[in-house]
Each structure stands twice: as structure tokens, then as C-alpha cells.
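Protein chains in written order, with our numbering: chain A, 1 to 154; chain E, 1 to 142; chain B, 1 to 87.
Do not rely on the hints blindly, as some may be mistaken.
To be verified - No farther apart than 25 Å at their CA atoms in a straight line, the calculated lysine-lysine pairs in the DSS-like style are these:
no., chain 1, residue 1, chain 2, residue 2
1, B, 55, E, 126
2, A, 54, E, 121
3, E, 121, E, 30
4, B, 55, B, 81
5, E, 126, E, 105
6, B, 4, B, 72
7, E, 105, E, 69
8, E, 126, B, 54
9, B, 72, B, 54
As the list claims (entries may be wrong) - Between beta-carbon pairs, the in silico distance windows are:
no., chain 1, residue 1, chain 2, residue 2, range
10, B, 24, A, 47, 39 to 47 Å
11, E, 103, B, 23, 17 to 25 Å
12, E, 120, B, 58, 15 to 23 Å
No lab work stands behind these hints, which were simulated from the structure alone.
Bear in mind the structure is a predicted one, so any value in this text is a computation, not a measurement.
Glycine included, C-beta positions come from ideal geometry on N, C-alpha and C.
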Amino acid sequence: MILSHAEIKTVLPHRYPMLLVDAVRSIEPGESIVAIKNVTGNEPCFAGLSDATKPYGYAYPQSLILESFGQAASIIYTLGRQKASDFGAVMLFGSARDCRFHGDVFPGDTMEHHARLERSLSDAAIFAGDVWVNNRRVVEVGQFIVAIRAAVAP
Amino acid sequence: MSIKLTCDVAAPLQAIDEVVRIDTLGITIKKLVSPSEPFFLGHFPTYPIFPGVFIIEAVNQAAIYYGSKYVGRLRMTEIRSVRFFSQVLPGDVLQCDCQCVGSPKGELLMVDALCRCEARKVASVKLTYRMEKALDSQPRRD
Amino acid sequence: MSQKTETEEREELRQLIAEVMDVDAQSFGDESHFIEEVGVDSLMALEIMVAVEKKYHVKFLEPELRKITCLKNVHELLIEKRGASVP
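All chains should be built: construct the whole structure from the sequences, respecting the hints.
What follows is the structure, given as C-alpha cells:
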């Protein structure tokens, strides 16, 4: 199964500028996913850079790489269930360990997230996986736990 | 001390509004989470929550700034652990208290941060950085 | 390969849990309640159980995960999972 960007919006509550998954290449609901996000020089995160910014300054922020991965991973869980709007819950970043950054991502790169659901509980999901750019593994995610909470602002 | 930081690297937000303290042992920063930040539109449309990854980003920017004063250019190589205890919402003031410790061989910097909003603990963030001295001509000392 | 005594295993578990919770191993007793006394939240309790599963090659069910509240009952559950007590 593959998902278009429009279909991703039916399973994730995130919206612009925080929807960081472009398309799903393949998915085993409840098990694993391969999803992508293209990085363009037109992203908001590059808007503040000056003409004097060095090439290394164009590295896509690592916090956003992780967010993109986390959203891709969350799709594994939510696709097996209801639509995001029926879901009645938010998936929030709970904790992570052993996330290693081996390389950088630049405008023009496609980040390919390979995520797997390791444990699924009623109020938490545990993921692991990698982020690839072509055949370079740029990030290794050892453990990524998402907490599932009622969507009521305190 | 209020500092307008211009960090010439891509960033999803300006995560430092104020540097509360900075010395060789570490850095404490504050970020006023404004309801009008553009990312709240999408995170999420009906219930704005400061993204957890932006707490990591705040610690990262604090570490980079610390590096610019004391050790040179830094590149994050690992999130050893990050744990979120409670949500950060529009209007909150996020304070990140970061301890920065160099590794014995001098190539790595360990940054351990405790992040709070007022008295409420919001996150614990432990990051590892590689010091990229070889790529900088010389660490900047302002 | 010699078998660990129950005491040795208890201490090994204590170290593992302390590492996950990022506290000193001696700062909590065998019956200190993780959430109420040691300040662990429910996600951290889950992380503890995942770490125990990985180290000891066991698998807990969700109802069992919810029952874990202190070192003593983590250990008891682990022993029960393996189906044998070590003298």
C-alpha cells in the first residue's frame, strides 16, 4: 500500500508547516513503513539564512529530521486504526534514546524513513528505525516512544 | 542579559530569547513561547502544543551558542536520551538549564539539560556533540 | 555458565532500572513505588519494562506492564516469566 500526501492528512493531525511527511512508499499497517520527505531550499527553516551562510549552515535541522521520522512512524500505528479525526487522541513525542546522527540532509535530498513498530500499547507505541538519503544512512533511531493522549487541551 | 542571537545555520524557530547564564560549566536559556508562532497553526490546528522536538532544538541552539563562546563549532551526533514530562503550551516560558562537559579526549561535548516551565519539569534532554575544530580556522571568542 | 543468585539478579535489575530512570541505584528500595516515590512517570515505567525485556529475552503483556510498580515486583514477574526460580 502506498499513501499520497492527501491521504496522509487523513491519518495525521499535523498540518502546514508541521506536516513533515510527503508520501508513503510502502506500509505494513501495525508493523513497518517506508515514507519520504523531500527537503527543499524553500522550507521555512532556511528562510533566515543570509547570502553569506556557509554550506554547512544549510543542513536540515536535526530536530526536524526527528520530527519527520516520528510522524512517519506514527502512521504505522494510526493507519491500522481509525481516521485521525475519529481517533480522538493525539500522539505526542514521549521519549527517545540512542538516536545517532551519521550525516546531514541538505536541500535537494529526499529523506527516506524506515520505521518499525516494536510494541503497541493502548497508551503508547514504541518505534525504531533509520533515516536514509539515497544509500547513506543519516540517522539511526534506537528507540522512539510516542504517548497517546486524549486530545483535550488542559 | 538579553541577546539577539544570529546563528547562521538553518533553524525551525528562534529557540533562545534570553541567555540567563553562560560559563564554562554550561548555559541556561529562556524561550517565551508565543501563541503567534507560525508552527502552532499545524501543531495542531485545534490544540496548540509546542513540539517536543523544539525543546531538543532549544537545547541544541543553547549548545551551539555555548560552543561559539568556549569550544568552537559543534555538530550534534547523538540524542542519548530525551524524555518529556509535560506539555509546553503557548504563553509558557521555557527554561533550559544545560550542563556542558567535554569528553576526556576532547573531541566530544556532552550536554545534559533539564527543561522547565516555571517550577514544572517539562523535559530531560541529553545530547552528544562532536567538536569540529578541524573545520573551523579558530574558535570564535567574542 | 553459572546461574546468578536471586540476589545478584535483583542487583543487576536495580542497576538496569537506575540507568533507565537516570537515578542513583542506591536511591530506591526494593519496594519503593516507581511512580509515587521515585518520581518515574508511566512512560518511564514502560521504558523500564522494555529494557528488562531486551536484557532478559522475555516479553510482558500489557496488563503485566501496568502492574509493575517497584523493583521487587519487576523481579518477581521476571522470575515467573522464565518459569523457574533461582535458589
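We went through each hint and held it up to the structure:
no., hint, in the structure
1, 55(B) - 126(E), "holds, 23 Å"
2, 54(A) - 121(E), "violated, 37 Å"
3, 121(E) - 30(E), "holds, 14 Å"
4, 55(B) - 81(B), "holds, 13 Å"
5, 126(E) - 105(E), "holds, 19 Å"
6, 4(B) - 72(B), "holds, 17 Å"
7, 105(E) - 69(E), "holds, 20 Å"
8, 126(E) - 54(B), "holds, 22 Å"
9, 72(B) - 54(B), "holds, 19 Å"
10, 24(B) - 47(A): 39 to 47 Å, "holds, 45 Å"
11, 103(E) - 23(B): 17 to 25 Å, "holds, 23 Å"
12, 120(E) - 58(B): 15 to 23 Å, "violated, 36 Å"
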